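Asker: Sequence lines, in order, name chains A and B.
Numbering-wise, the first sequence is residues 1 to 272 according to my numbering.
Numbering-wise, the second sequence is residues 1 to 271 according to my numbering.
Derived from the structure by calculation, the hints contain no laboratory data.
There may be inaccurate statements among the hints.
[To be verified] 27 Å max Cα-Cα, derived BS3-like pairs, lysine-lysine:
id, chain 1, residue 1, chain 2, residue 2
1, A, Lys30, B, Lys100
2, B, Lys31, A, Lys227
3, A, Lys225, B, Lys264
4, A, Lys53, B, Lys109
5, A, Lys127, B, Lys31
6, A, Lys40, B, Lys264
7, A, Lys35, B, Lys31
8, A, Lys199, A, Lys127
9, A, Lys54, B, Lys109
10, B, Lys31, A, Lys41
11, A, Lys23, B, Lys31
12, A, Lys54, A, Lys187
[Said to hold, decoys possible] Pulled from the structure, derived: some chain A residues nowhere near chain B, Cβ distances all over 10 Å:
id, residue
13, Asp25
14, Arg115
15, Asp144
16, Lys186
17, Glu250
[Unchecked claim] Some chain B residues well away from chain A (every beta-carbon gap over 12 Å; in silico):
id, residue
18, Val62
19, Pro67
20, Ser96
21, Leu104
22, Lys106
23, Val155
24, Met172
25, Ser186
26, Pro217
27, Glu237
28, Thr238
29, Lys264
Quick caveat: nothing in here was measured; it's all calculated off a predicted structure.
Just so it is clear, CB atoms sit at the ideal spot from N, CA and C, and this is done for glycine as well.
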Amino acid sequence: MSNLDNDIAISLKNVTKTYTLYKNDRVRFKAIFFKNIKGKKSNAISDLSFDIKKGEMVALLGRNGAGKSTLLKMITGVTYPTSGEISIDGRVSALLELTAGFDGELSGRENIYFRASLMSMTNREIKDIEPDIVEFSELGEYIDQPVRTYSSGMKARLGFAINVNIDPEILIVDEALSVGDQSFKKKCTAKIHELVEDKNITFLFVTHSTKMAAEFCTRGIVMKKGKMIFDSDIESAIDFYDDMIEKEDEAKKKKKAKKREERLKAKKEVIG
Amino acid sequence: MEILNTLVELLNDHIRYRRQIFKLAKSDVIKKYSGSALGWSWAVIRPAITIFVYWFAFQIGVRRGRPINGYPYFLWMISGMVPWFYIRDSLYTGSSSIRKYKYLVKKIKYPVGTIPTFVSLSHLAVNIVLQFIMLVIYIAYGDRPDIYYLQIILVNIGMFVFWTSWSLFSSMLSAMSSDFLNFVKSAVPALFWLSGVLYQVSRIRSGFLRKCLLWNPVTITANTYRNSLIYKKWIWETPTEMRNYIIITVIMIILAVWAYRRLKKDIPDVL
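So that you can see chain A by itself, here it is in the shape it has in the complex (with noise of 0.2 Å):
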């Protein structure tokens, strides 16, 4: 790898991924042995490109199924391109979902120590930061009740917790911020303003709310069936996404529309 691109914490080339389909789970577990089974083949991300350099912050946004999910979960390391590459530099921290891998059988605590010692942290370590994310989850004494018992909202506040301080250099937030009432989500926002100015760190989020993307982030790329389809400062590109939803939707309401009339046409017809 070059070093000229020191300062690139984030870099996709040519990144495609591809969900292969089968009929049904046992022509899926043929395929394993036999070369010739082929299923149907669609592409969630397709070719791919771009770079995220440390300090920025980025919005993804896009429909559902854009592909912006895979994504994430591709740079987080949970799942690999079917092609291209993927390099990473710094230590990611993700927040995938709500439940974001906790073990429900082991408690708040518990499930701490676990998470951090995945971020291959020293118990030690853990344990000057277990004070500030029982704090900032403000789970009280139920962060020694097992996570199963938790609600959503709690889940969600654990799993910011741990991940915002842990120190991390690269911080994934996929849509965990719209749970928590005002109070919490205030938080939330002072913590990562403070990580995002103080450390320096990269942060991408996913997000359907235009208005926090504009909260948090300097940068917005918008996402299409797999593609990138827009990328630039945050206004223009909120800008960009809502003009196309306002597009697409007209274009499917005018669809809808014309249906609707040619059905009462057709039903005239033959009244007529």
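Given chain A's structure and the hints, the job is docking chain B onto it.
Answerer: Positioned in the frame of chain A, the structure of chain B alone reads:
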């Protein structure tokens, strides 16, 4: 060659995540028994009941209380039965370990290849407690511990390597298809009854069948355990068994590495 590279990759993952593996094994053991009133005693009660049932059927029923080589049938049986409990756990729970720890695959970055290892480790830890209880029973019957007792450590290592490889192989395939998991579960009784846990393989009349059963890892483990406790034989004194065990272990490791290589990238998408 590629298989070798993957094997190195797997071993590297194990070394890098060794602390986490032991942690996860520990929490797996605790999870198994916490939350029930009798807690830890279940680890002993359940096998004890199983042993009692088989002892009753064979001692009181089939064999009419005849001892084997001067050893009471009960003593002879438990030295095959106790290691079998670990094997049974590997077959049932080991095969579904990746499914069980789905969140480690789908939600956080964690080396999938080490999941069967810590599950296997947790089974072994529980089983070692049982083995100690068994040794206490032997000593209480008047057996004198000698140098051959040390061979038990070797039996455990052999067992762990084979069944952890097996768990990796079968849990990878089971994650792809629940049919495979069901197939494994239905094959467990066959593996048990066609082994030398409850009867002496050496007394089977057909030489061909005797040879076949000596390829069953369950038979070899039970025999080696008994060689250490009862017959006082070193493993090299039974070269056929030793050779067979090494061969099937190597095959199992190759299969496990192959399955890992083939499916590692698919599993997070399918699970």
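Asker: State the violated hints by number, sorted upward, taking the hints as numbered earlier in the document.
Answerer: Result: hints 2, 7, 10, 11, 13, 14, 21, 22, 24, 29 break, sorted rising.
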